[in-house]
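Student: This is what each chain is made of:
Protein chains: 2
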Amino acid sequence: MNSNFYSELNPNIDYSRKNLRLDGWGSNGHDFFLKDHFLEIKNLLESEWKLGELQKSPAIPYETRVLPKLRLTKLEISAIQKISPNAYTDDYERTFHSVGKSYYDVLRLRFNLIKEFPDIVIYPKSKEEIAKLLKYASSKNFAVIPFGGGSSVVGGVEATKSRNQKAILCIDLTKMDSLLSLDETSQTATFQSGIYGPKLEKLLGERGFTLGHFPQSFEYSTLGGWVAARGSGQQSSRYGRIEKMVNSLELVTPEGEIKTWKLPAYSTGPDLNQIIVGSEGTLGVITEVTVKIHKLPETRKYVGFLFPSFTQGVNFIREVNHNGIKVSMLRLSDEDESRLFGNLANLGKTSSLYRTIKQKFIQKILDVNGVGGNKSVLLCGLDGSEEEVNSSLNRIQKIAKSFQGFYAGEKPGLSWLKTRYNMPFLRNHLLENGIGVDTLETSITYDKIFYLYEGVTKAIRSSMPILSSMCHVSHSYIDGASLYFTITFPLDIKNPIAQWTKMKSTATDAIFSLGGSVSHHHGIGLDHKKWYIKTLEATSEKALKGFKSGLDPKNIMNPGKLFS
Amino acid sequence: MNSNFYSELNPNIDYSRKNLRLDGWGSNGHDFFLKDHFLEIKNLLESEWKLGELQKSPAIPYETRVLPKLRLTKLEISAIQKISPNAYTDDYERTFHSVGKSYYDVLRLRFNLIKEFPDIVIYPKSKEEIAKLLKYASSKNFAVIPFGGGSSVVGGVEATKSRNQKAILCIDLTKMDSLLSLDETSQTATFQSGIYGPKLEKLLGERGFTLGHFPQSFEYSTLGGWVAARGSGQQSSRYGRIEKMVNSLELVTPEGEIKTWKLPAYSTGPDLNQIIVGSEGTLGVITEVTVKIHKLPETRKYVGFLFPSFTQGVNFIREVNHNGIKVSMLRLSDEDESRLFGNLANLGKTSSLYRTIKQKFIQKILDVNGVGGNKSVLLCGLDGSEEEVNSSLNRIQKIAKSFQGFYAGEKPGLSWLKTRYNMPFLRNHLLENGIGVDTLETSITYDKIFYLYEGVTKAIRSSMPILSSMCHVSHSYIDGASLYFTITFPLDIKNPIAQWTKMKSTATDAIFSLGGSVSHHHGIGLDHKKWYIKTLEATSEKALKGFKSGLDPKNIMNPGKLFS
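Protein sequences appear in the order of chains A and B. Residue numbering for the first sequence follows the working numbering, starting at 1 and increasing by one per position. Residue numbering for the second sequence follows the working numbering, starting at 1 and increasing by one per position.
Please note that the accuracy of each hint is not assured.
The list treats identical chains as one, so a pair stands whether inside a single copy or across any two.
Pairs of lysine-lysine residues, derived as DSSO-like cross-links and limited to a Cα-Cα distance of at most 30 Å, are as follows [unchecked claim]:
(1) K448 with K244
(2) K398 with K545
(3) K199 with K448
(4) K140 with K56
(5) K199 with K125
(6) K448 with K295
(7) K18 with K127
(8) K140 with K166
(9) K326 with K295
(10) K125 with K494
(11) K448 with K127
(12) K295 with K530
(13) K301 with K74
(14) K530 with K127
(15) K401 with K530
(16) K542 with K530
Keep in mind that the hints were calculated from the coordinates and are not lab data.
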């Protein structure tokens with residue numbers, strides 16, 4: 001194969017800010033693959049979820065909105081523009097950079113409920129400009145929000161300031177998106193942090209390499225954002241989470257610069273890279289990242305398995321990890337998610353009668369093989385040499401058998417590959433039609449995984465009327481795995497914020513009290529802060545604040561996020 | 001195989017402090033495997049290194065020494081003993097805990113040059129005792145040095161205090177050495193930090209598991225020490241460095257406790273585990289560590305290859321890493337080290353005439369295979385299932401061929417396995433005979449590895465008269481590898497400290513200026529501090545000090561080490 005893992009999908013996205021969707025995922029002309037089948041989707045959901053009466057929920061037209069006044073003087077604006085000429089104060093830029101892309105953000109954007117906006121949005125071209133901007137902001141006590149793709153779903157890029165701060169500066173990094181160097185001997189590449197996923201993989205792919213970081217946000221997020229939020233891509237089993245990919249980096253802070261050394265490994269005190277990864281803009285602006293890169297794999301095989309239950313599927317995942325078998329991805333949907341995705345995938349392909357016959361036929365085969373009616377679908381991704389891939393698949397098939405797993409061939413994998421970055425687009429359409437949808441994610445060791453799965457599901461179901469609660473495992477390790485919940489509910493158009501707050505709060509309380517991570521790969525931002533601070537307890541919080549105060553004594557960097 | 005990787009060597013070490021060697025490596029009855037052949041060794045070194053006239057350098061008898069007076073009052077001692085009854089102020093305990101096991105330490109111990117001693121050595125039994133001890137020490141402004149196996153070779157456990165501190169408390173953790181829990185489902189185990197390597201592997205091995213951390217100090221170092229110094233074991237290619245093995249941990253500080261959550265992965269801000277790993281006792285006392293464990297491998301194969309040069313061997317290592325082939329260990333000696341180890345391994349086995357004939361015969365085979373006179377020996381360790389091991393070996397043999405590597409079978413591997421923890425004992429004997437020996441280690445990305453190798457070698461050779469300078473690669477990664485230098489020199493009995501200081505300083509200056517890590521796996525301690533602080537620059541140093549001040553505002557924890 002040896003091709004860029006993304007090239008076959010390449011939608012040639014135009015990232016100019018006005019072309020990107022303001023209050024939803026994606027950009028003009030880049031939409032949900034089944035958007036022309038939305039009526040069928042609704043019918044499908046009707047039978048799946050018993051939709052009942054839904055309230056239409058159109059967005060308030062953007063043109064009718066009035067933004068709060070700028071809190072910067074003309075002198076201040078021109079001082080900023082003197083440092084960095086591409087700096088804008090128009091309403092569109094301010095609105096686009098006011099929040100991220102969470103359900104909560106989209107709700108507020110659609111219903112004109114945003115209260116706080118940046119006063120200026122700056123697109124610097126160099127780290128020198130950034131250093132000057134931070135010095136200036138520090139001298140004026142302005143808050144500074146670093147902004148990449150803006151795809152945060154936890155309030156990580158929301159415009160915030162401390163009470164004593166006068167204004168908010170947003171630093172958009174996307175004009176700093178160059179490949180600075182590629183070292184084929186050491187297999188490392190140094191990029192400016194504002195580079196989007198597709199461009200990064202294209203530049204590496206042309207030289208025969210890949211980074212291997214493919215989060216669902218891949219098309220609309222940047223390297224700097226991945227690092228700042230400590231993200232994880234769909235192929236993390238092979239390539240690792242972003243923190244494993246970082247060789248070294250550069251952080252510009254109000255008090256100066258930190259540039260870690262390009263080294264493969266070291267025993268030199270606390271790991272500075274691992275403090276900056278996950279710092280979510282609260283310590284400074286990540287300007288450059290050197291990452292470890294890999295040769296493009298010789299071949300790629302994405303296959304499906306059917307398990308009689310989510311439990312057996314999780315047991316299978318654990319066993320594969322305990323045996324150290326090389327895979328790129330193990331992605332297991334629980335019974336509800338499996339059924340929905342299966343039905344969605346069939347939409348628009350064939351007549352519904354043919355589908356029914358075909359499904360019954362497949363069910364017959366599954367029954368004979370001991371896989372009952374409630375199926376849990378697992379997708380297994382394998383990348384590597386022909387020999388490696390076949391040897392791993394061989395071992396995996398044996399393990400799957402011992403958990404009553406049924407090998408379903410490459411078709412489910414191919415179907416997933418085509419649509420793997422597409423699900424966030426569906427939210428736009430659901431929301432238009434009165435259906436709210438949010439996701440929650442956590443991680444937990446295997447000893448407590450079922451306990452957490454059931455506890456969180458129960459908490460969500462009992463807290464509010466929902467349409468569905470589904471879950472999948474998308475990242476797994478020797479000691480545990482992630483759980484990713486998708487919850488849909490009839491939108492309460494009168495109190496959409498209170499409805500969301502209650503759901504989020506109930507679910508995160510459950511995750512926290514059952515010992516799950518406050519976040520596995522989305523980060524903390526504003527939305528998880530309350531629980532994060534509880535996990536830190538007073539001791540760690542004080543220490544982390546001490547670290548920050550060495551770099552940002554006035555707390556101008558992304559104030560209010562994380563521990564800041 | 002499925003046996004504990006250490007059981008075949010088990011020397012049943014008695015760790016009582018009086019049984020351990022005070023001024024050298026090891027314990028009574030546990031010595032260098034060739035110690036009965038020392039005359040032959042000397043003859044061998046004579047021809048290898050042209051020893052010339054050496055000065056005998058006997059240690060000053062321990063009994064004749066007088067220690068400085070205790071700086072604790074009787075009341076203070078009894079207050080400490082009330083918290084933790086196993087607390088001692090005798091000369092032996094104070095001397096044993098005054099320094100670690102570096103060449104510099106051993107020199108000073110042998111020549112009675114230690115200036116600073118702990119005033120009391122405490123063996124707590126619980127974290128509650130430690131918490132009380134730290135509170136007490138903080139209230140009295142006493143320095144506190146956490147101490148595990150005491151095997152630091154960088155001054156990491158040296159008794160130090162700030163000028164304004166009255167006395168030094170040493171907390172020896174080795175009485176806290178229990179397995180607290182083993183979670184077979186999540187493959188994690190929680191230990192108290194004071195457990196020595198052999199006991200830890202024995203407890204895991206009985207249940208079919210291994211941690212897989214086997215540093216050369218394995219027999220005389222503890223889990224807490226590995227974590228505090230951010231160490232790395234000989235099988236790191238398979239099991240990772242210690243920071244990768246840590247799932248979570250507990251740190252007791254003067255201001256309270258940090259207990260990180262048992263989780264497989266998380267995106268929850270800066271990684272607290274990775275701040276505490278490598279903190280070298282400066283933030284608090286690591287009391288518990290939860291590690292990821294692995295099933296004991298089905299089989300194990302350690303084989304040798306001969307390369308025509310160190311350069312070709314390094315190129316081979318890089319290629320194996322770039323192809324992501326699963327190995328446990330790749331260990332490559334440069335030409336000088338290869339020749340010496342080869343000759344050492346043959347000592348005492350057969351008559352010298354037979355040896356000469358055999359060597360000539362082997363050389364003949366090597367010549368035919370294109371491996372010239374200057375050979376570089378590589379040991380490759382493979383652990384796993386029969387299939388995995390064979391498949392990896394197969395791929396490795398192909399790569400080796402393309403770098404003119406000659407497969408030498410299992411004999412070199414078996415020989416290394418038997419003696420792998422034994423080299424530090426040789427230092428004792430060399431030092432008795434007027435030969436100084438020290439080691440230096442660093443890491444570097446592949447693009448600069450030869451440049452660093454040559455630069456450091458040249459700096460050492462030009463700085464002082466040496467007997468030999470040898471090097472090996474023992475840890476490798478996708479982006480680079482470690483370099484481990486062993487330098488021998490005729491001991492300058494009149495100025496041994498100045499001689500060492502000059503060598504250390506010259507070599508570390510070279511490492512630093514050529515871009516190598518100040519340490520790959522030994523840590524910073526006192527000996528590397530000067531260069532470490534330079535890599536931090538003012539910005540990071542200030543931030544790290546800020547972090548520490550949240551936990552240890554009076555700087556009582558291991559003062560003078562790292563950034564403290």
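Student: When the structure is checked against the list of hints, which entries are broken? Sort them ascending.
Tutor: 2, 4, 10, 12, 13, 15
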